[in-house]
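S.K.: Working from the sequences, and respecting the hints, build out all of it.
These protein sequences, in sequence, are chains H and Z.
Each residue of the first sequence is one higher than the one before, counting from 0 in numbering that gives the first Met the number 0.
Each residue of the second sequence is one higher than the one before, counting from 0 in numbering that gives the first Met the number 0.
These are computed hints drawn from the structure, not numbers from a lab.
A couple of the hints might just be wrong.
[Said to hold, decoys possible] Listed below are the simulated DMTMM-like cross-link pairs for lysine to aspartate or glutamate, each with C-alpha atoms no more than 25 Å apart in a straight line: (1) Lys586/H / Glu130/Z; (2) Lys89/Z / Asp213/H; (3) Lys593/H / Glu127/Z; (4) Lys659/H / Glu144/Z; (5) Lys263/H / Asp1/Z; (6) Lys207/H / Glu144/Z; (7) Lys83/Z / Asp213/H; (8) Lys453/H / Asp529/H; (9) Lys659/H / Glu127/Z; (10) Lys310/H / Glu338/H; (11) Lys126/Z / Asp647/H; (12) Lys586/H / Glu144/Z; (13) Lys126/Z / Asp588/H.
[Said to hold, decoys possible] Quick look at which bits of chain H chain Z covers, simulated, 3 or more residues with Cβ under 8 Å: (14) 80-86; (15) 204-214; (16) 220-234; (17) 424-437; (18) 622-628; (19) 647-655.
[What the hints assert, rightly or not] From chain H, some residues computed to sit far from chain Z (all C-beta separations above 10 Å): (20) Asp68; (21) His496; (22) Lys539; (23) Gln670.
C-beta atoms are modelled at their ideal positions from N, C-alpha and C, and glycine is treated no differently.
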Amino acid sequence: MKKDQIKDHDSLQVPESHGMPRRYFFKLLGGGLFIFFRPWNALDLIGLPAEQAHGVPKDYNAFLHVAEDGSITCYTGKIEMGQGIITSLPQMMADELNVSVGMIKIVMGDTDICPWDQGTWGSQSTRIFGQLMRTATAEARGVLLDLASKQLGVPIAELEVKDGIITDTKDPKKTVSYAQLTKGQKIEKFLDVKPSMMDHTKFKEMGKSYNHVDSTLKVTGEAKYTGDMKLPGMVFARILRPPSHAAKLTTVDYSEAEKIAGTKVIRDGDFIAVINENRDKADEAIVKIKAEYSFNEVQVNDKTIYDFMVKADSNAMALKSTGDVDAGEKLCDKKFESEFHDPYLAHVAIETHSALAQLEVDKMTVWAATQSPFGLREGIMRELNLPAEKVRVVTPFVGGGFGGKGEFKQGIEAAKLAKLAGKPVMLVWTREEEFFYDTFHPAGVIKIKSGIDKDGLIKLWDYNIYYSGTRGADAIYEIPNTKFTHYDQKRGGSPVHQFGTGAWRAPNNNTNTFAREVQIDIMATAAGIDPLEFRRKNLKDVHILDCLKAVADKFGYVPGKSPSGRGIGVACGADAGAWVAHMAEVKVDKSTGKVKVVRIACAQDMGLCINPEGATIQMEGCMTMGLGYTFTEEVLFEGGKILTHSLDAYDIPKFSWLPKIDTVVLDRKDQPPQGGGEPAIIAIGAVIANAIFDATGARLYRLPMTPERVLEALKKV
Amino acid sequence: MDETIKFHLNGKETEAAIDSTQTLLWALRNHFGLTGTKFGCGMGFCGACTVLIDNEPVRSCQLSVGDVAGKSVVTIEGLAINGKLHPIQKAFVEHDALQCGYCTPGMIMNAAGFLIKNPAPSVQQIKEGMENNLCRCGAHMRIIEAVEAASKEMKGGK
Chain H
0 MKKDQIKDHD
10 SLQVPESHGM
20 PRRYFFKLLG
30 GGLFIFFRPW
40 NALDLIGLPA
50 EQAHGVPKDY
60 NAFLHVAEDG
70 SITCYTGKIE
80 MGQGIITSLP
90 QMMADELNVS
100 VGMIKIVMGD
110 TDICPWDQGT
120 WGSQSTRIFG
130 QLMRTATAEA
140 RGVLLDLASK
150 QLGVPIAELE
160 VKDGIITDTK
170 DPKKTVSYAQ
180 LTKGQKIEKF
190 LDVKPSMMDH
200 TKFKEMGKSY
210 NHVDSTLKVT
220 GEAKYTGDMK
230 LPGMVFARIL
240 RPPSHAAKLT
250 TVDYSEAEKI
260 AGTKVIRDGD
270 FIAVINENRD
280 KADEAIVKIK
290 AEYSFNEVQV
300 NDKTIYDFMV
310 KADSNAMALK
320 STGDVDAGEK
330 LCDKKFESEF
340 HDPYLAHVAI
350 ETHSALAQLE
360 VDKMTVWAAT
370 QSPFGLREGI
380 MRELNLPAEK
390 VRVVTPFVGG
400 GFGGKGEFKQ
410 GIEAAKLAKL
420 AGKPVMLVWT
430 REEEFFYDTF
440 HPAGVIKIKS
450 GIDKDGLIKL
460 WDYNIYYSGT
470 RGADAIYEIP
480 NTKFTHYDQK
490 RGGSPVHQFG
500 TGAWRAPNNN
510 TNTFAREVQI
520 DIMATAAGID
530 PLEFRRKNLK
540 DVHILDCLKA
550 VADKFGYVPG
560 KSPSGRGIGV
570 ACGADAGAWV
580 AHMAEVKVDK
590 STGKVKVVRI
600 ACAQDMGLCI
610 NPEGATIQME
620 GCMTMGLGYT
630 FTEEVLFEGG
640 KILTHSLDAY
650 DIPKFSWLPK
660 IDTVVLDRKD
670 QPPQGGGEPA
680 IIAIGAVIAN
690 AIFDATGARL
700 YRLPMTPERV
710 LEALKKV
Chain Z
0 MDETIKFHLN
10 GKETEAAIDS
20 TQTLLWALRN
30 HFGLTGTKFG
40 CGMGFCGACT
50 VLIDNEPVRS
60 CQLSVGDVAG
70 KSVVTIEGLA
80 INGKLHPIQK
90 AFVEHDALQC
100 GYCTPGMIMN
110 AAGFLIKNPA
120 PSVQQIKEGM
130 ENNLCRCGAH
140 MRIIEAVEAA
150 SKEMKGGK
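M.R.: The following block contains the structure:
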């Protein structure tokens, strides 16, 4: 070992990349071998586009720790919200280090001890962070082998590793463990040599199915979520909320609230809250506050929003095009124009936004239910004017996110309250607050003009998005003449969305895949071709073609022109680097408009699948959740007033809705891993709309497909 | 106003000087430290706060702690006996019948109450019995399988 790789504990000179001197890590973690890695090298290695690397600090992005006792810890700024990376990230690390998965511990979402991370979203934990981590771990293994080679006096090529024990293959008595190698030493090494991740033929843990490692904690009630934390002297807070996003506080009288036993009112301008040791008393007090508001409402609601969007003075952005749509029109034998509408949706994680904040001397610590611990830290730094090292965000288990906990307003509010109150403050949003400050899936309009030639080949695709976002808008089909335009908020123009919008599981893709796949079905029917065959005819992407074949086999698909009366639908798409194809069978009650999904199947190509069991569960979850936006979910509003504010008014999927669900994960061990937590939701609206058409000949262009809308569509058949 | 309330909590005779008007949910979580019982909506719609009161699944956000005086309350923490998981908990683990886990205690407590009343249910009856407990992650299919497996392991209560 080179001398410069061994450093004294206190002589480490390292950049303060995220507000904390590196030597602080050692205090927290104890002795052992640290492997730091530079993301830029790793990013080059795995060929990520530059934009995905944007925001990652140039020093290092993540690290692992091999402790003196041989235990290995993975530190990640990602969080666990049910997607299962607490189980799968250790699988990735274990293989690269030739240890069993049981030897790996994982620490997540603590900004003082985990490396900076942009947030847990976009299905990036495996395909981006996981690959970076594998690269680092491969290097750690290289360093350990180098150390072992020197200690045992055996060339590296003659060593093998199993369960953290390095053995001389020629003399099995000569062994040394990772623990022995690291004992008492602090070793630092940057990656200057391109490491290679393990070849898939050598995987032992990756590709093996594991149940959730956190399930025992979760079935016993021992798992701690943010709201389960408690600190001495802690009080519960409730904040005065306006009745509309367009309301401004004019007068307030909180004298009655102060009469509720144990209540204290906290005020900083329009930010008014009550605190009480007893949560029910805080609930009682907050409604005693008499407040009046002035309103500056825009005249738009959940019915008029679509027209409002199309007529708004928008910023039209040309996305990309191929060929010439005018020329394409001339090649068409049949042309089709459709307009699709998709409403605002709520996330409805069962855990509401929660945070516990404590100010100790000058350090603010916030435990928060968030998908973005580092984003929240920055928000608190801005709001309270604190430097990074004075703010720590810790993320316990998160009770569902779906994109909604990318928003962390509650964490900033709790921090402000803790500072103002001078004591630890627990803030657990009510369901009504959740429905008010949610960053809703944006409503949108999609207008498509398309056409086919006499052979059923698509020659024209003019695709226009109004305000709902572009993810998943790619045509995916082979079309010579395409044009894509996104009409979105004009800078400086009056806002079209009257409240916050944001990422909702596979953001924008549900809307785009619904519109595209229904339009494809319309053309298949007009061409007189089976909808699966029509797709195959117009697709070249082997990944989607493979998914279509796999789902057809699983489903037992028998070709037939639609509408066949059977109630069978097909749809496909791409998201987060993965590909999916779905088939569904429905029964439609033509007298009531009620639709029952009998069965639904999905085949997914997600590249290397780390934990097939975990991936399957995510797919089942996607398909079940997707039934909500398909059939019932819609946020009603009038200007800035949200009219849907309870779980009684906003129906999410329930047990009785459940169809038979089948899943296929394509075996792609030789490919890089892709996203797995979102793709299987994107085509649910489309596959069911197409199945309803196949059953009845009624075409639906509007989500959710409520019984009233199904009846309306049936009238037009 | 604090008053003394006596009830059975997870099998133990419990006496507490407590504001009896506060909801059972927040009393369990904040006074008794039993945070396995979750707040999800506070209106009785989601079921995350389900506990057993005299073997009936009840939403603990919908009654006050004073209402359980003299009764028997079982929370998720009281289901395992001497560290041995209850068959429903075991089945949830084996069937991987959860994702984020936040609705899980309420699901399990509802299932526990349901299986007391109907020890050998059909799949359709399980769906009906679990219908009003909400899960957003979409673990429904596996929850049904887990409840069915647990009912078999419990030999239909026999």
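S.K.: Return the numbers of the hints above that this structure violates; sort them in rising order.
M.R.: none
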